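Here the protein sequences come in this chain order: A, B and C.
Position 129 of the first sequence, counted from 1, bears residue number 129 in my numbering, the numbering being contiguous throughout.
Position 123 of the second sequence, counted from 1, bears residue number 123 in my numbering, the numbering being contiguous throughout.
Position 15 of the third sequence, counted from 1, bears residue number 15 in my numbering, the numbering being contiguous throughout.
It should be emphasised that the hints constitute simulated quantities derived from the structure, not laboratory data.
A quick note: this is a predicted structure, and the numbers were derived from the prediction, not measured.
Hints should not be assumed to be uniformly reliable.
No copy labels: a pair is met if it fits in one copy or bridges any two.
Here are the computed lysine-lysine pairs in the PhoX-like style, where the Cα-Cα straight-line distance is at most 20 Å [claimed, not checked]:
(1) 43 to 6
(2) 27 to 139
(3) 19 to 130
(4) 139 to 126
(5) 65 to 14
(6) 6 to 130
(7) 14 to 126
(8) 19 to 126
(9) 6 to 139
(10) 43 to 139
(11) 126 to 27
(12) 43 to 130
(13) 65 to 43
(14) 139 to 98
(15) 6 to 27
(16) 19 to 98
(17) 27 to 130
(18) 139 to 65
(19) 14 to 98
(20) 14 to 130
(21) 6 to 65
(22) 65 to 98
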Amino acid sequence: MDPVEKLLALEEIKQLRAKYWRSLDTKQWEEWGSVFTEDCWLKFDGGVSTGGGDPQTHPTVETRKGMVEFVSNLLHQAVTVHQGHFPEIEFISDTEAKGVWPMEDIVEHATTWTHGHGHYHDTYRKVDGKWLISTVHLKRLRMRVTTVGGIPGRAMPNG
Amino acid sequence: MDPVEKLLALEEIKQLRAKYWRSLDTKQWEEWGSVFTEDCWLKFDGGVSTGGGDPQTHPTVETRKGMVEFVSNLLHQAVTVHQGHFPEIEFISDTEAKGVWPMEDIVEHATTWTHGHGHYHDTYRKVDGKWLISTVHLKRLRMRVTTVGGIPGRAMPNG
Amino acid sequence: MDPVEKLLALEEIKQLRAKYWRSLDTKQWEEWGSVFTEDCWLKFDGGVSTGGGDPQTHPTVETRKGMVEFVSNLLHQAVTVHQGHFPEIEFISDTEAKGVWPMEDIVEHATTWTHGHGHYHDTYRKVDGKWLISTVHLKRLRMRVTTVGGIPGRAMPNG
């Protein structure tokens, strides 16, 4: 890629990530699925890894279809807010890239809500001329769980 | 626009939005007004629209002059923090664009403070060679109101 | 710089800032030091400056070596989250730039945690073909201190 093609690809990948968060938080599940490759996977660490290895890793969710099913079941009834801050993106080839995005999320269920911070470690692949997310690994810096009506907790038990 | 002109216009619109938030939170009202077209308008939804339509919409504020008056009266004495995260911006023509920005705001008055999340749905127009914000519609994902000394509330009554 | 060189420099400076926050929050101190010029300095205002001048300014920390020592001693044991939002960056010459970044930080020590918002006012310098951060001045809009198990405080004493 020449410099201009690279800058356009960077903007496309950033807007793809913005679409991921907007469609997730507004519960547009079909649109959310459209940002992934068919064979994508998602792994999110269950514990806080600041200062050490990951104490607990949730099972990987696989394929676009599997991810839409899993995530929509988990979050459709919840109020969610996902934020991504300025990323570091690097191209591996003309059709492959990787990126790290600082993140914050709030997930509010009927009786508890969680507030977390961390980094998404992504890979991207260009398929039929369009950049898509191929893998996502979410690592946590910090996680707090609050019971409605209670005082914010210090951290998750495994944090 | 060719690709480079498009990339420069994207950067200009993003820095325009950054100027909006910085001048708002540091109470530079004349500078804040300078980011808008003369005939701009602003609408902010009063309720949380996650999972449904908007239960309550505040009246639209119109014109640059009207907006500066309205917003400076509302917020000059408050401590405010407004954040915008990575946007989706699309060009309609060489002089018109639209954008969606994920947002978070904290507005702290003497006895209460609000903490909200949502999306700005903007339009932009190029006037005399400069991009300006022509309309802003703020939709909410989540809103919490805290009374000073009390426990954070679950949501606004109409949320 | 021509427009494409300028766009590439903007992306490089933004990714440099992203590297600063990621390496700080994951406690990679050598990598964190690598984003600065050898003669850099850092000043962070101790008080909230919304609506007036700064009531208290911490001493400036100087040189890359001095900053790594000071900041790693201060934060290595803490859980930290630093976020930067969309910046305003301006070039002074082909090798000098300045930028303003809206920011949020959480610093969680054993018995207290702080949650702050403000702006980084940076300068950058190109050294041996690479952009580096030469100075950082952090100004605060808002700061809250919470004692673990207690109710979030209104503001720092000098806020």
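> Can you name, in rising order, the numbers of the hints this structure does not satisfy?
Replying inline: Violated hints: 1, 4, 5, 9, 11, 12, 15, 17, 18, 21, 22; rest satisfied.
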